[in-house]
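Trainee: Using the hints, position chain B against chain A.
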Amino acid sequence: MNAGERLTDANFPAHPEKATLEGKNKFLGFWLFLGGETVLFATLFGTYLGLRNMHLDGPSGEELFSLPLVFLATMLLLTSSLTSVYAVLSLKQNKVRSLQGWFLVTLLLGLGFLGLEIYEFVHYVHEGHTFTSSAFGSAFYSLVGFHGAHVLFGVLWITTLLARNWNRGITLSNAPKYYLFALYWHFVDVVWVFIFTVVYLMGKVG
Amino acid sequence: MATHESHKKRSGLMDWLTTVDHKKIGILYLLAGGFFFLIGGLEAILMRIQLMEPDSKIFTGELYNQLLTMHGTTMIFLAAMPIIFGFMNAIVPLQLGARDVAFPYVNAVGFWLFFFGGLLLNLSWFLGGAPEAGWTAYAPLSTVAEDTGVDFYVLGLQIAGAGTLAGGINFLVTIINMRAPGMTFMRMPLFTWASFVTSGLILFAFPALTVGFFLLMFERVFDANFFNPDMGGNILIWEHIFWIFGHPEVYILILPAFGIISEVVSTFSNKRLFGYSAMVFATVLIGFLGFMVWVHHMFTVGLGPVANSIFAVATMAIAIPTGVKIFNWIFTMWGGQIRFSTAMLFAVGFIPTFVMGGVTGVMLSVPAADYQYHDSYFVVAHFHYVIVGGLILGLFSGLYYWYPRMFNRVLNETLGKWNFWLFFIGFHLTFFPQHWLGLMGMPRRVYTYMSGQELDGANFVSTIGAILMGAGTIVLLINIVISASSKYATTKDPWDGRTLEWAMPVPTPEYNFAQTPLVRGLDALYVEKTAGNGEMTPAEPVGEIHMPNGSILPFILSLGMFIAGFGFIYANWIVAGAGLGLVLITMFLRSVIDDHGYHIHKEEVEADIKGGRA
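Keeping their order, the protein sequence lines are chains A and B.
Every position in the first sequence, counted from 1, becomes a number in the working numbering once 134 is added.
Every position in the second sequence, counted from 1, becomes a number in the working numbering once 88 is added.
To be clear, the hints were calculated from the coordinates, so they are not data collected in a lab.
Just so it is clear, the structure is predicted and the values come from calculations on it, not from any experiment.
Any given hint could turn out to be false.
[Said to hold, decoys possible] Covered stretches of chain B (chain A as the covering partner; in silico rule of three or more C-beta atoms under 8 Å from a C-beta of chain A):
hint	region
1	285–297
2	313–325
[What the hints assert, rightly or not] Taking lysine-lysine and the DSS-like style, the derived pairs with C-alpha atoms no more than 30 Å apart in a straight line are:
hint	chain 1	residue 1	chain 2	residue 2
3	B	K690	B	K97
4	A	K226	A	K311
5	A	K226	A	K158
6	B	K96	A	K311
7	B	K111	B	K617
8	B	K96	B	K112
9	B	K97	B	K111
10	B	K111	B	K505
11	A	K158	B	K97
12	B	K617	B	K112
13	A	K152	A	K338
14	A	K158	B	K690
15	A	K229	A	K311
16	A	K311	B	K111
17	B	K97	A	K311
18	B	K505	B	K96
19	A	K229	A	K338
20	A	K152	B	K690
21	B	K580	B	K359
22	B	K111	B	K690
23	B	K112	B	K690
24	B	K111	A	K152
25	A	K158	A	K229
26	B	K97	B	K112
27	B	K112	A	K158
28	A	K158	B	K698
29	A	K152	B	K112
30	B	K698	B	K97
31	B	K112	A	K311
32	B	K580	B	K698
33	B	K96	A	K158
[To be verified] Distance ranges between label pairs, derived from CB positions:
hint	chain 1	residue 1	chain 2	residue 2	range
34	B	G423	A	L183	50 to 58 Å
35	A	H149	B	L324	44 to 52 Å
36	A	F287	B	E632	32 to 40 Å
37	A	W165	B	I418	34 to 42 Å
38	A	M209	B	H634	54 to 62 Å
Just so it is clear, CB atoms sit at the ideal spot from N, CA and C, and this is done for glycine as well.
The shape of chain B in the complex, shown without the other chains:
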């Protein structure tokens, strides 16, 4: 056995820049995603301030378009997805009983690509203006724009998207190959199942977006003609490509939230999840159907009644597995010993809210009716009900639930409840009136409206609601600051958890389980608790643990992409070449430098176990 292997212990900033530990990368994702969530939320509040009164002139025209574009883009790509990836990183390997993800190095590459991509996109604010073609960047709006905003959009998201794809593959392999002994597919916790299906969707949806971005970039930077009708191009190609990615993206976002809700509802009802296999099946089915519905975003394009009908029926079909899930959550709570912690409040608030978003979704799926709703505030209300009322409530729930595992502290429950009620009431105040605004004819993506059209009251209420949501988020920030300044560590299992992530001491050892656990049923930890063991039975003797070395290369590789991005935006081929050169050099170094990681010796692991640290 090699005992001469090198292992440098790094600390402070260098540790975070070079880490390949899934727990730390999860925290990085959560911090960066949380930061972008605040920026996107600020953009939303600025828009709502502009729309608070009729004929308002605070953020008009181009600036308003930039705000709406950046709000949507930031929230989807730079806030929601990274926060999901944060939880997946922090929790999935623990729930599987794995030491790390399958490719720790690639995991770090994925994070840094996302980070630098998001940074590049947001720098557009200071460098000639943000993109203003909407988060969908429809051609020709996106192709004829003269300033560099859309270039930042294309390059920034291209780089971030590459990171997402890498993360998706990583989690698929982790879940297929690295489950602990006894952890069969049908014993996996629902969050891990949801992460599995979401990763599959990422794998098959993101490459379409990659091509879409390449085409748009070629069109803008190299004068290609894909979307230019004068030169034989066709703008519909962009819409198809975007939504072939874009609709699965919606399920990429919502499925992990479904997973979180399943965990939380089951834990805080002290009951195993009702209809586990039906839940798994519904998750897979939603993922599958998610690829067959993209044209419902394009009903008014004029593809004809046959195409519209087929996609309408496919869209409606998704309501069935989703309904299965709703009923299973309710049946899980039925007869359970429910504890209304903050996490549970968010989960319970999620259920009726998401149903409302689902119902308007079915309304929108009827093409004839969609001709009326299309591009109105009704659509805005619908997708905020499913994304904020669904995904974001789910993420808040997950944050309160897993915070003790990720940060070794519990968040304050009183502040948590303030956070919930402010955000929940604010949410409904913001978006419920928007249904009526839409039905009364207010189009989306406009910066103002005239008074005397009965749009004033609902817009005013909507803005008040947005401010309440902002207040709820500030309470969360206060809660986090308070918990960070308190030094106490929690017990390892504050919620009487049922799954493997609660079976380790806090802080979680860098190798997770000292001995890989033996899984003997669904809700593996709960099985051991009822059997009177209280902790997991090891599946292996104490031994040496193989660990990967940290590396700065993922950071440098992503920095290279960032530099190349600038080169392409400003059509400066020297900078672009230098950036891509840096990427190739990093890849070259990675492949020629042998790094087989290092081993934690048996004695150290035994000492950790004896000291209660493992």
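If we strip away everything but chain A, and leave its shape as in the complex, we get:
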């Protein structure tokens, strides 16, 4: 069967994302890539932990952070992870319209998160907390900014993926792509959970 052919309910494999060697390779390769990404974020977290109290004359994290806003951002992102799970469930049932719907919701929630983050950064800059104001500023914007850039990349990725495959159903070629995006999105979400804890909660209490 051609990998680009639309799958029907009759020939739909149990794991369309891993039904071809290409799919299997992508599945494993992407998990490994996320392992590398973990080290990347771990290094950024380490840097942040080393510098988080070095705010000099500028405002400290405790003075800056507003938990209600960050909580809202967290809820948006966590919910988007849930909706991407629904999308993958639809993928496994060959329900392409439902998959598209859930990924669109994921996309909107991701955009909402990005909007809040931009609002937050602009607000901080007005408070005198900038990338160059102190080592704390550099470390904060690097860590949170790297995460934000990952969200942005994910938004561009799923937009392209949905647009390109809008009328093509689920195929052995695009099933791994949908699946990998969901994996990526969960990873970005997990990183945010750590940022919420390490940057914002720990910043508030000590």
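Mentor: Just chain B now, kept in the frame of chain A:
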């Protein structure tokens, strides 16, 4: 079945720019890495000329610092690693019985990123001067430097490093997912095992360097304050990040050499490798311990006796699996029918040389003693014994061993032996006296010394040795030129090989094995030879073979990164944006253009088999 799929045959330069074939990418890596090896070697010889006499004034101050920085950086990132990747590309899929690597397109991206990154870094020589903060680029040396040298270092290596990471993931997936039937993990040749562990180290070590480079770039280009104590920064963060990457990097380099030596020693002793499982275990253990020792580069920083002791013990522990390997190679040779080909000479020369580097390594791992050795020529002698005496001898061995498979010709053995003896004697002449230079107090990274301090003689001998190493390398080049101008093809199995890469005709067909082979034991080809078959038993009938299409996009994507690199170096956001835009456009094109590759038809494969071409 789709029969309308498009497949453009390209030739000449376009073929090499668009290839996704692991064999061709292996050759590209070897050529580019070999080119940078010559540049790095030239830089070394220039430094040795400056140090030949006391109070010499040929390459002083800034220029000398540029030479030493570029020598280290070029040799590690642009010579050693790409040559390793060259062998991994050319050999690992063959040893596994695979048609190609898991992601041929990503493989090409990895090569071109490395190539353009290396090019960017070396262009610094012509654009305001090379970096001069050492290959370690310690802050604040690297952050306060006013000229653009360090910017070229950061951007060039960042781009090359991304390519390396892509290559690492590629080989992990290839080895896990694409082994031929019967090729269990514990039947894999040692070189493939070493490539597997090295790729794992790349995966977990390089992202730390990526972040380190980002921080340094932010510091220099966007005025961030990670390493600026006046603004609350901390220079130690750079040292930690660099060595969290940097120590595993040492094992990324040496493990493939261990793999090559294992193959060569076994083949030319006509014996299966002694203690195969212990060798595999030792390789994995070295890879694991490699992540727990980075502070031994920072003993004199002042982290305290507890931290220093823990890292000292961890460092010493690495001597155990390494010792296991040394003894296993010796036991493999014991009682074997040894043939001293050039490849074997390099492998045998490797063993005592590497042991000497290992012994000084254990000496350096004692923190109290390290306070004396630190930043002296003793350290220079140590790491050249393990990297040149270990890795480079291993790579030479691999080159002579696999040259017939990669280039369809054998290198001349007489010239090969000249190459070995000149390089081997030159190596020991260069670096053995440096132990004494260090113990007598000569610091590393200085461009001169005064006479009357008993440093003259050893420095002179060291320079003579470096020239001999250069002569040995020139013999190799002559050997390559001679072999290239001779047209004869070798037999497919010139060394009486034991592993799968020798089971195909020369030249290796583009699809490797016409029929995926059935592996029936360790040293798969040797198993068939002793069973009287002489060749591999196929695991599948002759059929259509699926192949990926070549693509120019990896080249363009890497070119985009190269352009963006210039933009960041000169803080020109239009150029940076254009470069990154080109990268995003290439990624976009790659994802929206469907390319399912093409098929080689059964009839063509059958014709190849009948004609002895497969």
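Trainee: None of the hints should be skipped; say for each whether it holds.
Mentor: Going down the list of hints, with the structure as the test:
Given as covered by chain A, the region 285–297 of chain B passes the check, having 6 residues with a CB less than 8 Å from a CB of that chain where 3 are the minimum. Coverage of the region 313–325 of chain B by chain A holds [criterion: at least 3 residues with CB-CB distance below 8 Å; count 8]. Of the pairs offered as hints, the one joining B/K690 and B/K97 holds, with about 19 Å between alpha carbons and a cut-off of 30 Å not exceeded. For the proposed pair A/K226 and A/K311, the alpha carbon gap of about 13 Å is at most 30 Å, so the pair holds.
For a cut-off of 30 Å, the pair hint linking A/K226 to A/K158 stands: about 16 Å separates their Cα positions. Taking the CA atoms of B/K96 and A/K311, the gap is near 26 Å; set against the 30 Å cutoff, the hint holds. With a CA separation close to 25 Å, the supplied pair B/K111 and B/K617 stays within the 30 Å bound. Between B/K96 and B/K112 the CA atoms are separated by roughly 17 Å; this keeps the pair inside 30 Å, and the hint holds.
Among the hinted pairs, B/K97 with B/K111 is consistent with the structure: their alpha-carbon atoms are about 17 Å apart, no more than 30 Å. Annotation: proposed proximity of B/K111 to B/K505 holds, straight-line Cα distance about 27 Å (limit 30 Å). Of the supplied pair hints, the one linking A/K158 and B/K97 holds, its CA atoms being roughly 28 Å apart against a limit of 30 Å. With a C-alpha separation of about 29 Å, the suggested pair B/K617 and B/K112 falls inside the 30 Å cut-off, and the hint holds.
Distance hint between A/K152 and A/K338 is unfulfilled; the C-alpha atoms sit about 44 Å from each other, more than 30 Å. Distance restraint check for A/K158 and B/K690: the Cα-Cα separation of roughly 25 Å lies within the 30 Å cut-off, and the hinted pair is therefore satisfied. Between the alpha carbons of A/K229 and A/K311 the distance comes to roughly 16 Å, so the proposed pair stays at or under 30 Å and holds. With a CA separation close to 28 Å, the supplied pair A/K311 and B/K111 stays within the 30 Å bound.
About 29 Å separates the Cα atoms of B/K97 and A/K311, which keeps this hinted pair within 30 Å; it holds. Proposed proximity of B/K505 and B/K96 is contradicted: the alpha carbons are some 44 Å apart, above 30 Å. Simply put, A/K229 and A/K338 have alpha-carbon atoms about 44 Å apart, too far for the 30 Å limit, and the pair is violated. Only pairs whose Cα atoms come within 30 Å are accepted, and A/K152 paired with B/K690 is accepted, the gap being roughly 26 Å.
Under the criterion of a C-alpha separation no larger than 30 Å, the hint pairing B/K580 with B/K359 is consistent with the structure, at around 20 Å. Between B/K111 and B/K690 the alpha-carbon distance is near 22 Å, which keeps this suggested pair within the 30 Å criterion. The suggested pairing of B/K112 with B/K690 holds, with an alpha-carbon distance near 24 Å, which does not exceed 30 Å. Between B/K111 and A/K152, the direct Cα distance comes to roughly 27 Å. Compliance with the 30 Å bound is thereby established for this hinted pair.
Among the hinted pairs, A/K158 with A/K229 is consistent with the structure: their alpha-carbon atoms are about 22 Å apart, no more than 30 Å. Simply put, B/K97 and B/K112 have alpha-carbon atoms about 15 Å apart, close enough for the 30 Å limit, and the pair holds. Only pairs whose Cα atoms come within 30 Å are accepted, and B/K112 paired with A/K158 is accepted, the gap being roughly 25 Å. Pair hint A/K158 plus B/K698 does not hold up; C-alpha atoms about 34 Å apart against a cutoff of 30 Å.
The hinted pair formed by A/K152 and B/K112 meets the criterion: a straight-line CA distance of about 29 Å does not exceed 30 Å. Pair hint B/K698 plus B/K97 holds up; C-alpha atoms about 23 Å apart against a cutoff of 30 Å. A threshold of 30 Å between alpha carbons decides the hint, and for B/K112 with A/K311 the separation of about 28 Å falls inside it, so the pair holds. A hinted pair counts as satisfied when its Cα atoms are at most 30 Å apart, and B/K580 with B/K698 qualifies at roughly 16 Å.
For a cut-off of 30 Å, the pair hint linking B/K96 to A/K158 stands: about 27 Å separates their Cα positions. Between B/G423 and A/L183 the C-beta distance comes to about 56 Å, which sits within the given range of 50 to 58 Å. Taken as a hint, the range 44 to 52 Å holds for the pair A/H149 and B/L324, whose Cβ atoms sit roughly 47 Å apart. Between A/F287 and B/E632 the C-beta distance comes to about 37 Å, which sits within the given range of 32 to 40 Å.
One distance hint, 34 to 42 Å for the beta-carbon pair A/W165 and B/I418, holds here, with the actual separation near 40 Å. Our hint of 54 to 62 Å for A/M209 and B/H634 is violated, since their Cβ atoms are close to 46 Å apart.
Going through the hint list in order, the structure does not satisfy hints 13, 18, 19, 28, 38.
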